[in-house]
Amino acid sequence: MDRPTRAELEQALRAFTDSLAGKPAVGRDAYLLRVAETVRAILGREAQSGAEAEQAENRRLVALLGRSGSNAALNRDLASKLRVREPLDRAALMAHLKATVADRLAIDNPRYAES
Amino acid sequence: MTATLEAELGLALGRPVSDLERLSGGTSRETWRFVCGDRRLILRRDPETADVPDLFQSQAIDRDTERLLIALAGAVGVPVPRIEAVVPHGYVMECLAGETIPRRILRDPALAEARTKLAGECGRALAGLQTLAPDRLPPLPRLDVPSQIAAWRDLLDRLGEARPVFELAMTWLEDHRPAPLPEVLVHGDFRLGNLMIGPFGLVGVLDWELAHLGDPAEDLGWLCVRSWRFGAPEPVAGVGRRVDLLAAFGGGVDAARLAYFEVFGTLRWGMICLIQVYTHLSSARRSLELAAIGRRVSETEYDLLNLIGSGAG
Chain F
1 MDRPTRAELE QALRAFTDSL AGKPAVGRDA YLLRVAETVR AILGREAQSG AEAEQAENRR
61 LVALLGRSGS NAALNRDLAS KLRVREPLDR AALMAHLKAT VADRLAIDNP RYAES
Chain R
1 MTATLEAELG LALGRPVSDL ERLSGGTSRE TWRFVCGDRR LILRRDPETA DVPDLFQSQA
61 IDRDTERLLI ALAGAVGVPV PRIEAVVPHG YVMECLAGET IPRRILRDPA LAEARTKLAG
121 ECGRALAGLQ TLAPDRLPPL PRLDVPSQIA AWRDLLDRLG EARPVFELAM TWLEDHRPAP
181 LPEVLVHGDF RLGNLMIGPF GLVGVLDWEL AHLGDPAEDL GWLCVRSWRF GAPEPVAGVG
241 RRVDLLAAFG GGVDAARLAY FEVFGTLRWG MICLIQVYTH LSSARRSLEL AAIGRRVSET
301 EYDLLNLIGS GAG
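Listed in order, the protein sequences are those of chains F and R. If you use our numbering, the first sequence corresponds to residues 1 to 115, in order. If you use our numbering, the second sequence corresponds to residues 1 to 313, in order.
Since the hints were derived computationally from the structure, they do not count as laboratory data. Check the hints yourself; a few may be wrong.
The calculated lysine to aspartate or glutamate pairs, modelled on EDC-like cross-linking and capped at a C-alpha distance of 16 Å, are [what the hints assert, rightly or not]: (1) LYS117(R) to ASP254(R); (2) LYS98(F) to GLU54(F); (3) LYS81(F) to GLU161(R); (4) LYS81(F) to ASP244(R); (5) LYS117(R) to ASP244(R); (6) LYS98(F) to GLU57(F).
Just so we're clear, the structure is a prediction, and the values are computed from it rather than from any experiment.
Input sequences plus hints: build the corresponding full structure.
Written out as structure tokens, the structure reads:
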């Protein structure tokens, strides 16, 4: 689960919008308004494809590690294996990581992969 | 607050001060601009009350060290603002004229000539910085690659963050580490945003808070990290070529070492993004900006996989 989660991001967005409370956004607030637009777009894309991406990530993790579990648990497992250099199927590992990051980036900042 | 600060500054400088305004937010040290006589000046100061609790043991240097480094860098020809005075809780320096906003530096037609020279000027500035012998500098954090990796692993564990791509990058960094070189002064955040550019080129290297002792290629690699190209195509700050950067730097760092520290810098930026999210989530400093930066971690993971993914591991 990437941080901030969808809920945490929604909360940060709400807190900012509430803090403006109808005041004109000048200076730093004008900048934060643009950040808010970016965050709204991320949340929109996440609502569209977030669940599907997490399921696909889970299928790959299960295949790679040979056990079932939540994405959080399996990612902890994978991260500790990588830290101690436990041998893993290198091709499957790289394919999994690339697919996972590509799905994440398609939500967080789709233009980044294109440029 | 502003009136008190103006009065205090005026007393310290022996002349009235006006038009005081806060420039940037975000970091622990405040930056203000003001007018004194017929000059515009910059004040760097620490807030009198302690800022947010530093949950993540930031390695920012103290104010006196920062001021000394700027003066020392200026003395060896690195473009920096001149230090004008030491005042209560801060110091005053010259207000340079130029542009610091990356997207303007990358696009403004008036800066076209400066863009073509930037890679070379950055290489020369960093070579100049590294002529300052570490034993003649004020005490600075020593951050070599193994100690940084150890600190990052510890931080990931404390946060409970499982980041397989970061783990892969850290073992890659351990396996591909070039032979250590004698440590040098590293600016620590040498990139667009902290470089002031005028029509004729680089006029100031700013924001020395993250200075430390480290590898001669660390600042060079950081300057090539993709995030610091701000969408522009060229590898050095979006506008220059690595060969020009290295040629102007003048030797001692080859392309392989530069590439290694580009990986190191990409991971470092990813870790900084994570730290900022947790600074937000811990309520130490709630900010939409800090929260949003968390969603840039995937950019750094994408870059890391591109940089290290093709090798034999």
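Outcome of the hint check:
1. LYS117(R) to ASP254(R): 20 Å, violated
2. LYS98(F) to GLU54(F): Satisfied, since the Cα-Cα distance of roughly 14 Å is no more than 16 Å.
3. LYS81(F) to GLU161(R): 14 Å, holds
4. LYS81(F) to ASP244(R): Cα-Cα ~40 Å, so violated.
5. LYS117(R) to ASP244(R): Given that 16 Å is the threshold and the Cα spacing comes to 9 Å, the pair holds.
6. LYS98(F) to GLU57(F): 11 Å, holds
The structure shown violates the earlier hints numbered 1 and 4.
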